[in-house]
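Q: Given next are the chains, with one letter for each unit.
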Amino acid sequence: MNALASRQVSGFSLNFVYGGGDALRQSLRAGFGLSIQDGQQAELARMIDREEFERALRPVLPLAYRYCLNLCGNSDDAMELVQEASISAFRAFHQFESGTNFKAWLLKILTNQFLMSRRAQSRQPAQSIEEVPELYLYRQARRFGVSTKVDPFELLLDKVDGLAVRHAMSKLPDEYVVVAVLHFLSESSYDDCAQTLDIPIGTVRSRLHRARRLLQASLWQIAEERGYLPNEVAR
Amino acid sequence: MSLNCEETFRRFQDYIDRELSEEEMRLVREHLESCGMCAEEYLFEDRVLRHIRKFLADNEVPADLSERVFGALDRDSGV
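Protein sequence lines, in the order shown, are assigned to chains A and B.
Using my numbering, read the first sequence as starting at 1 and increasing by one per residue.
Using my numbering, read the second sequence as starting at 1001 and increasing by one per residue.
Hints are computed from structural coordinates only; laboratory data are not their basis.
Listed below are the simulated SDA-like cross-link pairs for lysine to any residue, each with C-alpha atoms no more than 25 Å apart in a straight line:
| hint | chain 1 | residue 1 | chain 2 | residue 2 |
| --- | --- | --- | --- | --- |
| 1 | A | Lys108 | A | His167 |
| 2 | B | Lys1054 | A | Leu61 |
| 3 | A | Lys103 | B | Glu1019 |
| 4 | A | Lys108 | B | Pro1062 |
| 5 | A | Lys108 | B | Asp1014 |
| 6 | B | Lys1054 | A | Ser188 |
| 7 | B | Lys1054 | A | Gln221 |
| 8 | B | Lys1054 | A | Asp174 |
Chain A is nowhere near these chain B residues, computed Cβ spacing over 12 Å in every case:
| hint | residue |
| --- | --- |
| 9 | Met1001 |
| 10 | Ser1002 |
| 11 | Leu1003 |
| 12 | Glu1007 |
| 13 | Glu1023 |
| 14 | Met1025 |
| 15 | Leu1027 |
| 16 | Glu1030 |
| 17 | Leu1032 |
| 18 | Ser1034 |
| 19 | Cys1035 |
Heads up, the beta-carbon is just placed ideally off N, CA and C, and yes, glycines get one too.
Could you build the full structure based on these sequences and the hints that come with them?
A: Here it is as structure tokens:
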């Protein structure tokens, strides 16, 4: 739905319509063919870009924040990352192709910004992947004689809160955590993840599978440390 | 053609993620319908992943998120 807005640009008042498509935006950027000075025109263009950017960003901000929160592991770093990435995205907004997927474009910027910030302090997995079998939680449950017919929620996950899951996520190496969070949170397909992260689809698949194994091992360890495991398992 | 337990197991993750071809999805589904052990492993793993996904998505978002992000944009633009 179109919405009318009136803005004051250096004393020049203009009513314009949002969502009118590229042609309308081009006209607006050109000042509707009216005679206005270059400075005013540039300011008008910036204002229109900002309105468009805000309109695109607002609905995806909660997802962007949760993405950052699960990458960083704490709310302060997440807030900083989402702010910095939003500024970077706005600066590069002229490169965004109207009509394409803004959410995917933003997630790519968030990911790059996160990986850049982490470059100097890349995490190593607490456990070698070779030590962690597939279906880790299922195998652990069987190993300790816990019924695997029960929902894993009853086994352990009802006691593990979101903070513990974030903590487990934060133990994953960066290249695994970005794939895992992207896939889990935005429900991106392998192909979408590959495009967002600029990596081959086979790499997405193998990193995601490894991330799941390490994440499950980490969750088990947290539950064990905190005494969350059922009596059958507690030693 | 049908899959054995090992062949099914190798396709578990892709099956959960719906990343197999239609034909492979059908083959895995058929095996799970006829093998109690594999079905139990699959159900457990599927539930684990669904719970993890829910945990990630349920994180609370600060009430002033938009305000802070757009405020940072304003400051950066010198508004």
